[in-house]
Structures are given as C-alpha cells and as structure tokens.
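Chain by chain, the residues:
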Amino acid sequence: MKESPFIHLFHIGKRFFFYDVNRNSIEEIPEYVYQYLSSGALDCIQEKEKAEEYVRHLQAAGFLKSSRPQVSEHPVTEYYNAFVNNNVGQLTLQVTQKCNLDCEYCVYSENYHNRHHADKWMTFETARKAIDYLVSHSADAEMLSLGFYGGEPLLAFDLIKECTLYAEKVFEGRRFLLNFTTNGTLLTEDKVDFLVEHGFTMMISLDGPEQVQNRHRKFANSEVGSFKLLMTNIENIKKRYPVFFKENISFNTVIDPQYPITEICDFALHNETVRDSSFMSSIVNDTYADKKVEDSPEFTQEYAYEKFKVFLMMTGRLDKGRISPIMRDHFSRIKQIATMFERYPREELPYKGHRGGPCIPGVRKLFVTVDGKFYTCERVSEDSQAGYIGDIDQGVDIEKALSILNIEKISSKRCRNCWAYSFCGLCIAQADDGEKMADCKLCRECGDCRAGIESSLMDYVILRELGYNPDII
Amino acid sequence: MERIMIYPYNKAYEPYVWYERLLGNREITALVTPNGSGLVGRKVCSGRKELTVSNDYEAQLEQCDGVWFVNDEKFELSEEAVEEKIHRAMDLGKKILCTRTSLPDSGRIADSIPPALHLLPRETERETGRLEADYCYPVDTPVLVVYGTECGTDKLAVQLALREALIDIGYRVTSISSRMDGRLYGMHPFPEYMLGPGCSEGDKIRQYNHYVKRIELAERPEIMIVGVPGGVLPYDRVDHNEYGILAYEMSFAVPCDAAVMCMSYSDGFDGDYSAFAQDMERIFRYHTVGCHIAAAVPDMQTVLDNRKRHLVSLDREFVEAKVKQYGKPDVFHVVNKQGARDCAQLIVDTLSK
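Chains as they are written, first to last, in our numbering: chain A, 1 to 473; chain B, 1001 to 1353.
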C-alpha cells in the first residue's frame, strides 16, 4: 500500500500550511489544498481538480514525499567510540548531595524520585580522576567546561577550590570554563574573591520577588525563605565586582505555573540589582515528579501576554528594555527551529536515521556523581539504572551508552511515522520508568511534545513573516 | 641524524610525523604538548617508530638536538610561555626551528639566537618579492591541485602522500603547500601575502602565479602539487569557508590539470562525490579525478547550536573499511600506502591522456 505524504497540516487562523518532514520545510497552501490533503475529498469537483493539480505541482517540486526512515539507528552509533574518546567537552561534578535549602520543586526534594538530598560528598580523589578523564577524552573538543553541581555546591567549597587549582594545571593550553549553579546563599566575600580570581561563571537561582522566592526556596528544616540573604549576597558582589557581576553571573528562574507570572517578570525588569543581568527561565520540571504541574488560569493569561511582548521584541516592534529579562531567552526553541530549517536542508529523510532528542551520552554533558558514577546528564535519575553509563574507573559503558543514544529503538515504529521526527526533544529522562527505558513511559510524553512543537512551528511561521531574524534578536 | 622535538605538538602536525621520512637528515624523536591537549600518552606512528606524546618539555629537551616550535589553533598558550621555552632550549644549546607565526616579536627572538644555532627563516618572508609583470605567466608543468571541502580533511597528509607516491613512480615532483610551514619537508610554503590585506586581489593572483612560475623554472619538475588552504566552497551562511575566495584566486593564478578532493566522512555518503566535483569544475575549473575520505566526521550538534562545524577524529581503520565498502576506483583513504599508490597511479593515468 502506498504510504501517505509525510507531512503535518496546520493552520493559523485562515491561513493554511504543511510541514514537509522529508524536505524539513514549511509551505503555505490554499484552503482547498489543505482540505484535500487532510481528507482527500472535496465537495466541489472543480476544486478537487484544482487541488489535484496543485498537489502535482508540489510533488514535481519535491514535496509531499512519503519516505520514512526504514532503519532506526543514530548516525553517531557507528563511530560513537571516536566521540567518546575525543570529543568530551563538558563534565559536571556532583560535589555533594547535601543542600542548605529545601526547595519543593528541586529534583532532590521529596516530591521527586530521581534523587534525594543526602550527607554524601565527593572526595578529591574522585574529582581528580574525573577531571583527568575529561582531559584525556577531549582532544577534539572545542573547549573544556567543568561544572560543579550539588546539592548546593558551595557547601563543598574546599573541594571546589582544590579542583579548580588542579584543573587549571591540567587544562594548560586549553580554553576552559569553570562554572556552577548555586542558590547563592553561601556566597560570602572570601568565596567570591576566589571565584572572581579564577574567572568562574555562575548561575544563581532566583525565582522572583521575596514572596515568590520564599514560596519554594526555604532553608532546610525551616520555614525561612532565602530571598533576603540571597539578595544581600548578590548586592555585595555587584558592589565589589561590578564587571564580574555583569559578565560572569546569570540567573536561573524556575517558574511555577500555578501562580501568576507578571510579578516575576516585573521584578526582573525593575529590580535595580538584577535588571541588567541575563536570565534563563523554565517552567517547573515535572519529569520525575510525583504529580503533574497544572497551569493556573492567571498564569495562562499572563504568560500569553508576556509571550506576545517577546514576539514584538523578536520582530523589532518593542524595545528589548521593555521585556522582562526572564522572558527574553525563554523562546529559544524558536531560534532552534529557525536554525534547523536553515542549516539542515534536505531532499528526503535518510533510509537509516534517528529522531531528534537524545544528546550523545557520555559526550555532551557527562555527569559524575559523588561516588564517581557516570550519568548522561544531571537531569536523569540517579535512583534508576536507566541513565547510568559507567564510572570513573571503567569509563563509559559503550553498550549502555549506545542503547541510550538509540532510544528510538524502543518506539521506532511510532517515531518513524511521527511528523515531529526531526524536532522531537524526548530523551532518556522522559523514558525512565525508574529502572529502565520504557516505551509505555515515553509514549505518555509524545502528545505534549508534539503539541509544543506544533505551537513553536506556528510561532516561527508568524515571526518569520514579521521579519524575525534569529541572528539579530 | 638530528633529533627534533615538536612543541606544542597538536593534531595538525600529525602528518609531519607520519611522513617523517621526508625530513632528510632529521628525525622527530619527541612530541611535547600542553597538559590540557588531551593528547598526552597517545601514540603516533612515523613509519619508522612509534612516538608517545608527552607533556614533559624538560625531560624531552635533554634527549633532542633541536626543537621545532609550531603553530597551534586549538590551544591558548601564552606566547611569553612559548618564548620562555625557546630560550630554555637555547640555553641548552639546542637548535631552534621556528614556524610559529604568533610569537609577539619573533624578530627579537631571532636576534637573540646566536648564529651558531639555526633558526628556520620565517617561511613567508622570502616570498614577498615584487611583481615582475602585471599578467600571469603560463605554467607548463602539469599541476595537481589538492583541495578540501573544509578545514581538517587531511590536505597536508594527502599532499605529502601523493608527493611520495609520485616520486616512487619515478616523477620529479615539486610541492607548493597549503600551509606555511612545509619547508622542512621540501615543500614550498603557501605565501603569506595571499592571506593578508597587503596587496590587491588582482596582485595576489599575479604574484602567486609568478611565485609558482619561479619555482617551475628553478626546479623543472614533471608534476607540481599545489595545495589550497582551508575549505573551497561555503556550506552555508555560517560555515562560509571564506567563500572560496582563495581557491578562486588560485584557480586564476595556476590552471589545474587534475585535482584531488579531500572531504570528511559523512553519514549516508556512498562514494559518489560527482555533484561537488561538478561545482568545482564549473567554478574553479578543477578537474577532480579522485576523492580522499579523511578520518574525521562533523559533530552535527555544533551545527544545531548555530556554530561552525567542527570535526571529530575517527579511527583510520574505520574509514579504510568504509572506502573499501564504497568500492569506487576513485575514492581513497590516501593516508595509507596502498591508497596513496592507487591515487597517484590514477593521477598519472589522467595526466597522461
């Protein structure tokens, strides 16, 4: 039986489009062609003939092919060894599992089951081996990045210091970055002096104004919020090291969609200390959460308005200074889509291939736990075997890594027929059922994932028409 | 034999180790690299011996007669630190061979080296001679052009391999390298004025032609191998390969009789490079007779990140097996003896027609 064209039809108001999976491009079509492609039938015979003629033209131009990949295999599979031996560029050390805060949506909290706070600490010996591993497997990497992760990494500051001095010695001759994510409550002057001296980049978790920050980010075993102490520390850094503050510090905001967003946006836009800083923001991650996070009606409404303002900015219609820093880079997926369209042109999907989604495990964001185990990244569960890919003594378990890289194999029939094949973002974290990669777990995410991609495609189409240029904005 | 150490050793110098036999009365005995290179402990085979990459400059210095200070792209070494190493080598009476172009004041270093020690002249200074005529001379010797679809596709290795193979067949071969540091290997360097703003684009074409003509007249070769630096055509807006301007200028300066394309390995490639070869014929009049598949593959994630392509090294055995699998008589992995011989024979057959 002849397969149908591998396309996805969508419309924005009264305008009609199809995304051609083989060509990886979006084309606008008249409504009658849209109707014809979606149902194959039109009431009016003349319109049907017109639609058939239109379709023939599209086919002659190389669109509407029905080809699907026939074999699921990630292209890197056949030379994965080369990547893991030569191209490791990023390594994150979990220096401790302990934290001085107890944030509700933290992946370590009791509401999540991918890891738990514990009084566990990495030894220097483990860290040293991990750093050596990074260097010896990085010959082709453009630069090295060593990250410190927790718990709260600053609780293990002595270890961070030791690692820094060691890394600077063994990274000799390479461009490298030292970085960590922190809740910022332990940024005392002596620590900051060291971080400045060694050129760290820092991402500080800051959710918004006092009532928002303190809603979730409270000190452990207490109801006291972290806002006051955090802001004092931040202000001190800005006062003592203004250039470092501007260039090396950014903020991470986790947005809880159960609450309004405007107050968060306004805080970042107007607060004197942080208003000129870069923010990364994300909605609460519920991948390993016990329960799904539902959006409140206020949030939905306010979020849509903020998004509208960002789109005005992206098309040059509103000054960047009027957009909350929290939202400026929030729609980076649209930029990714623009990049995908521009830099991955193709005539047809390959016979053998793999959907989007997985990073190259052990290469892209290698995560080392306190006891020296390798995980694909800091987002996967340490309580599950699914994301475990080796350790500092044995190196990467190639077989395990390849099975994660080729995650499509657990759902290949569905994936090969899914129009979101190229844009899919689902990886091991979404497929982890607590023990292994499981399709039954993964398939629950497919609907949301496709809906998100469709929404981004629509946004992209409109923005492109209105002059959006991902390189400039 | 003079024992030479390469510092700071990096992958761009691997071909010089493989073809060490072309070094004449010198041999490479040590490869020293910065701690962070990721190469420490790796083995590099010269054909005569296996060298282990070291990070111990002092220890290796004692064992050698001279140090070849080379360029590097990936490292971020302070030039002062390199200069310190040069002086350390001089203090121990070692010969200094310097093709490193980024030293802050190489003139000062040159002045400070006693005449008894040998400083390799800055490769390019010799080649900035004035223009004799405002037109190009005909080049009568058959010219083999070696070009790459991007940087990192083994162009230097292919030039060295083909030169050796053609000499083995019995030809008198002259090479004008795609790089500026090939003189030690008997190659003429790529002239620096081609890369700078010092002369007009027209003058560059004429000057390069005169450079090649002078070499032709002086050496009377039977085949000339000309290497084209960098990549020859833009991939896209971001990976522009300098728009192929250099290749375009060189194609006017030196007409090509046959060309070998160097490309990275890529998924889905089946050995048919004709589409690219046709573009090359049309744009540069490069008649491509063979294709070398380099042991390198692009990391496509970097493309998605909206950055430039970067290549990751592959095992040579992997690429050799792929080339075998393609089963095409004009697709090679030239960096093995058989591949070089087969490619050289194909070139000779083409040029003989």
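Source of the hints: derived by calculation from the structure; they are not laboratory data.
Backbone N, C-alpha and C define an ideal beta-carbon position, used for all residues, glycine too.
There may be inaccurate statements among the hints.
[Stated by the list, open to error] A short, non-exhaustive set of chain A residues, derived as facing chain B with CB atoms under 7 Å:
| # | residue |
| --- | --- |
| 1 | Gly40 |
| 2 | Val71 |
| 3 | Glu73 |
| 4 | Pro75 |
| 5 | Asn87 |
| 6 | Gly89 |
| 7 | Val135 |
| 8 | Asp140 |
| 9 | Glu162 |
| 10 | Tyr166 |
| 11 | Gly173 |
| 12 | Arg174 |
| 13 | Arg175 |
| 14 | Phe341 |
| 15 | Arg343 |
Evaluated hints:
{"no.": "1", "hint": "Gly40", "verdict": "violated, 33 Å"}
{"no.": "2", "hint": "Val71", "verdict": "violated, 12 Å"}
{"no.": "3", "hint": "Glu73", "verdict": "violated, 10 Å"}
{"no.": "4", "hint": "Pro75", "verdict": "holds, 4 Å"}
{"no.": "5", "hint": "Asn87", "verdict": "holds, 5 Å"}
{"no.": "6", "hint": "Gly89", "verdict": "violated, 10 Å"}
{"no.": "7", "hint": "Val135", "verdict": "holds, 6 Å"}
{"no.": "8", "hint": "Asp140", "verdict": "holds, 5 Å"}
{"no.": "9", "hint": "Glu162", "verdict": "violated, 17 Å"}
{"no.": "10", "hint": "Tyr166", "verdict": "violated, 11 Å"}
{"no.": "11", "hint": "Gly173", "verdict": "holds, 3 Å"}
{"no.": "12", "hint": "Arg174", "verdict": "holds, 4 Å"}
{"no.": "13", "hint": "Arg175", "verdict": "holds, 5 Å"}
{"no.": "14", "hint": "Phe341", "verdict": "violated, 11 Å"}
{"no.": "15", "hint": "Arg343", "verdict": "holds, 5 Å"}
Figure legend: structure checked against the earlier numbered hints; hints not met, in rising order: 1, 2, 3, 6, 9, 10 and 14.
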